[in-house]
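With chain S fixed as given, assemble chain X onto it according to the hints.
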Amino acid sequence: MAVTSPTVATPTEPRKRSATSRPPRQRSGSLTPWLFLVVPLGLLLVFTYLPVANMVWYSFTSWDGLDAVKEGVGFKNYVDIFTRPELFRVFFVSLYYLVGALVQLALALYFATILSFSTRFRNFFKGVIFFPYLLNGVAIGLVFLYFFRPDGTLDALLGVVGLKDTPLWLGDPSIVNYSLAGTSVWRYLGLNFVLFLGAIQAIPDDVYEAADLDGATSWQKFRYIIFPGIKQIVGLSLILAVSGALSVFEIPFIMTSGANGSETFVIQTVDTAFRYSKVGLASAMAVVLLIIVLVISAIQRKFFPDEKGDLV
Amino acid sequence: MARKQTVAVLTVTALTMALGACSSSSGESGGGEDGELSGTITVLTNRTDIVDTTLQDYAELFQAENPGVTVEFEAITDYEGDVSIRLNTQDYGDVLLIPNSVSKDQLPQFFEPLGTVDELSQEYRFVNEQAYDGDVYGIATFGTAMGYVVNTKVWEQAGITEPPTTPEAFVEALKQIGEKTDAVPYYTNYTDGWPLTQWQNNQGTIAGTDAVSIRTSQDDPWAEGNEQYAIDGLLYDVVAAGVTEEDPTTTNWEESKTLLGTGKVGAMVLGSWAVPQMQDAAEAAGGSADDIDFWPMPWQTEGTFSSTVSGDYKLAISKHSENKEAARAWVDWFLNESTFAAEQGGISPVVGAPAPDSLATFDALGVNQIELSPAPAGEETWDNDISNEAEIDLWGDKYRKQLVDVARGAADGDKESFFADLNSRWAAARANVVG
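One line per chain: the protein sequences are S and X, in this order. The numbers in the numbering used here rise by one with no breaks, and the one at position 8 of the first sequence is 8. So the number in the numbering used here is just where the residue sits in the second sequence, counting from 1, plus 1000.
Simulated from the structure, these hints should not be mistaken for lab results. Small disclaimer: the values here were computed from a predicted structure and weren't measured. Heads up, some of the hints might be wrong.
As the list claims (entries may be wrong) - Covered stretches of chain S (chain X as the covering partner; in silico rule of three or more C-beta atoms under 8 Å from a C-beta of chain X):
#1 62-70
#2 77-90
#3 225-236
#4 271-284
We put the beta carbon where it would ideally sit given N, CA and C, even for glycine.
So that you can see chain S by itself, here it is in the shape it has in the complex (with noise of 0.2 Å):
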């Protein structure tokens, strides 16, 4: 559920001519902007675009990830995939995450209308909702083992309320995938809160001004203001969710790296490539999983079209 800021060029303005300066030729303009967009259309293109198309490349061979010859076998790899079903079972793991990413939705949404008001303590707010975002995912995982342990921190909390018959939080395997869920929304609680905080945030304050006029509750500004002004933010935020639920990975792998039941397509993937040297079948299911997550956004923008929010 990471997301990355595409690098925006800011474009130059034009020198002032003072009055003696001859007019600036036409070239040097039109050669500034290719200029600024060197660096990073070159690190888009070696680090985003090469490695797909290696990827893409190798889901042809039948590569082990070693050798020094890469066998071509044509559609062999996605043959195998298509004819072995249970490669795809593990998406029924991902509805565990889906269902996480929405209330991680509705929670975020939640805390940013209510921190956009002037509520106390808001700012101290704001940072305990954000902070986990910013920790290490490898830390977080760790963590979370101590907190989910039998006698951990989890249980040592529920037995204060007197909840003293806990089952295993990771150990269990009709438990254990609501306990990642659960740690992948406290992560990334933060990201889509301060999203959404950043959108509210920028709807003008007079708009709220004349609704405080017209005697609205704070209800009716969320209904009538907020939400319109923010829908663009929320469609992306489904999308994210989406595809994110799709492509789990970190959570997983550093708890239970796939173990009792939790395994995802992306772990299999990985196992795939590197614990059963199929880097072709592997790369082959990487790249089947990126189209299923284009045909997905594809779809979701067709039903939720990016209308322009008609606020102002």
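Just chain X, lined up with the frame of chain S:
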């Protein structure tokens, strides 16, 4: 105008250099003019814990003998994963440990031959393990015997002073510990995973020196009577008997050392290399190093115990090294002059060296040490290929974690169905690989 173009050129150059730097190699000239060794060699190691201490001391001693050579270490935490990927470049140090993912027929692609098997086996043990076509590509840094580490105090409390001689007696003994003491009888170390793979090192204990080629000739290694069934079956029985930790999914390796050392855990199946680490942990936690012992696995052939002895990671020289002579000198020095094997509680790779203290009980029991023989020519990669094709990671932790899950009732199936599935996958893959 001209200035702008210069900037453009500079930007592109800087970018190219930044990227190019990734693949530039270190090291200067090879051998010196007067026959003395010179140059800088980079040594890749998995030992992040001793790279700045023990290894640095070795480097200083070596450099005192070979003033022209500079030894630099690069410690890698995820050694196996990182180095496997780096082998795709030409920059993987001068001396390195051969990652397990390299299959035998790929050895000549990446490493310098160190000598023939016939020649080197006079001097070193375990040379077969990374050899191909009669040439040796890597020599073990130390050897390990298989068995299980025990806290004898816990076992004595349960009334057991002798190593059990049958798998049934082993499980029974663990049950006794569970009943008579507060200790967890057996600790799987499920979360870290790799301790589960240690079980595979027992191959040969039952089937003898040809264990691997016997396995690759079978369609059903997990059928009763075969070695793989005995090894994985014992793990299954131990977990199914309920004598392991309550929640295997939250275990911790570092903590397990202290647990065993302080008598909160009774036993763990590991290599003999683990003994010094457990003893240190016991002492650090206020226990006694004398409580830690190393016992042979509970399988006997004609009244004697057996233990498979194999080499740890093998030292090899990169094919792309620019200082091969200096690299070779370091390998020879490390194996013969350094005290690495002894300090690690391992068996020295040098033929005829004395046995380490950690194996004192083995000597007293007269344990028969088994060194696996190499796979027959043309079959070197079969075992690896079949297990990859079948997606049964004999040397990984994935299927054994599933086995533990089935055994503790957290996943569907039972011993029979789980092993039947393994057998059918193995047989199908074997048909593909062997033909």
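Hints, verified against the model:
1. 62-70: holds (count 5)
2. 77-90: As far as the stretch 77-90 of chain S goes, the hint is violated, because 0 residues have Cβ atoms under 8 Å from chain X.
3. 225-236: violated (count 0)
4. 271-284: holds (count 7)
Going down the numbered hints, you'll see the structure goes against 2, 3, while the others check out.
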